[in-house]
Amino acid sequence: MDTTQITDTPPPAAQPTATEQKRAARGATRPGDRIFLGLSRGSGIFLLVIMAAIAVFLTYRASLAISKDHGNFLTTFEWNTGLQEPVFGIAVLAFGTIVSSIVAMAIAVPVAVAIALFLTHYAPRKLSGPIAYVIDLLAAVPSIVYGLWGALILVPHMNGLFGWLDDYLGWTGIFSWQGGAPRSMLTVGILLAIMILPIITNVSREVFRQTPRMNEEAALALGATRWEVIRMAVIPFGRSGVISASMLGLGRALGETMAVATVLSPTFDIQASLLDPGGGTFAQNIASKFGEATEFGRDALIASGLVLFVITLLVNGAARAIIARRAEYSGANA
Amino acid sequence: MAKRIDVSGLTAYYGSHKAIEDISMTVEPRSVTAFIGPSGCGKSTFLRTLNRMHEVTPGGRVEGKVMLDDEDLYGTGIDPVSVRREVGMVFQRPNPFPTMSIFDNVAAGLRLNGSYKKSELAEVVEKSLKGANLWNEVKDRLNKPGSGLSGGQQQRLCIARAIAVEPKVLLMDEPCSALDPISTLAIEDLIGELKERFTIVIVTHNMQQAARVSDRTAFFNLAAVGQPGKLIEIDETERIFSNPSVQATEDYISGRFG
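Protein sequences appear in the order of chains R and X. If you're matching positions, the first sequence starts at 1 in the numbering used here and goes up one per residue. If you're matching positions, the second sequence starts at 1001 in the numbering used here and goes up one per residue.
Check each hint, because a few of them may be wrong.
Claimed, not checked - Residues from chain R that keep clear of chain X, each with C-beta distances beyond 12 angstroms, as calculated:
(1) Leu127
(2) Leu138
(3) Pro236
What the hints assert, rightly or not - Just a few of them, taken from the derived set where beta-carbon distance is under 7 angstroms, the chain R residues facing chain X:
(4) Gly32
(5) Met214
(6) Asn215
(7) Leu220
(8) Ala221
(9) Leu222
(10) Gly223
(11) Ala224
(12) Thr225
(13) Glu228
The set of hints was computed from the structure by calculation and includes no laboratory data. From the three backbone atoms N, C-alpha and C, an ideal C-beta is built for every residue, glycine too.
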């Protein structure tokens, strides 16, 4: 008790007390600093709390459902939550989600990078402004509008492409077509590609624009053509940024709901071909079943949502690992 | 291998602004020519017209003639890209490619010019790094990023990268202004060695440096801010620093000006 009293009453000596020194070192003695520190720290903690709350909620409700699952939650090709002995599994959903996202990324990333390079290094300034504006507008279109456009315009126009793919690439199995309505993973992937194009383009454009002028001049002075400058200086510099941009796009593709639900004709099995209709995605399955689901059915859907959550985390972790592995070669320490 | 540069009546613009006006001079092969003058007098602009880097700047254009031996660099049908493969450049701030290893930095120019076998590349990289007095410092870490080197080492890496493609001329735009005195000395020694093989033009703000490294010195000046820069005189370095023929040169060199 004595010791606390000594520290509480500062000695009248000229030397600052230990607490004062500590406080000065932390640099948070002024009210403005203290308020800002509190606000920013609070926001950081708030974010973590929200994430934790979502994780806890998902895990709890999911565990209620999974414990009563009479099939294997990871491998069952079925979704029957209304039975006396419910059987449901996420295999079809995981497959469909990943396949449609891969198709979307395979189309969107090269196109987005090409657009970003065109806007930053080829297009005259008068042209690049309006084009960038139009791309921004694409990002503002609600996903249900994309879905309606996909169902009413894209799907009826896919027959030609599907027939062509079946003729020339049908032997691969991936592009064979039995002639069903083109409400398949490929159509979904194309639609998703259009939806994630703006975000990937915009972030890539920002990154490419920040390429240090002196790196581009170094390449020019070696006698590089414009394309060689892009290859030597611009793309390597923007590489990690493009990966981040792609991950933002992938996150959107993985979780996209309405557009997929409107275009896909869902079944609970896996199609080997991208062209044959069927399959499903996590978000689409939740959206189409949630309304009429029982309490237990909802828990099962939440369990599938948890898996999507985990997949998204894994994808982001992988992207960060790729970026970190090349960190010493990034432009940041130039 | 080294070539003579013959400039006649060269005027360069940024958009409608005339940056340098009516410059004529001859740069001798296998020698070091230094450009000195106050900031904004157009010496860097002039340097950048010698490898057609000036026109990379939006609005940059040039009138007049630059001859590299008997080749007109601004002649019709001359590709600026091929000009830059003959006239190398080292910049004010060391600018190795941050995403490339030391080896790849030096090999970058060669890879642009065609395909080489790995052993050929390794040979040229070693020769160039030796030529830039950097080999002994980096030979054990050729696969490490060039951005991990010190500023002086980075600048010598840039010199190695420039000389790897065996240019006819080497342009240096204040190559030491971002370096400490010891690194500066290393670069100056290197310039003395490189002039055996290349025609070297160096822009510098440091008059002692011009006096130390160059054979001939050109003094640039401008009448007033906004006016185009002009070549006042070019002569043997010794003469410029002891007994220049124009009063303005003497004023500048003795510090009675600007």
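**Report entry** Violated hints, by number in ascending order, as checked against the structure
**Finding:** The structure conflicts with hints 3 and 4, although it agrees with all the remaining ones.
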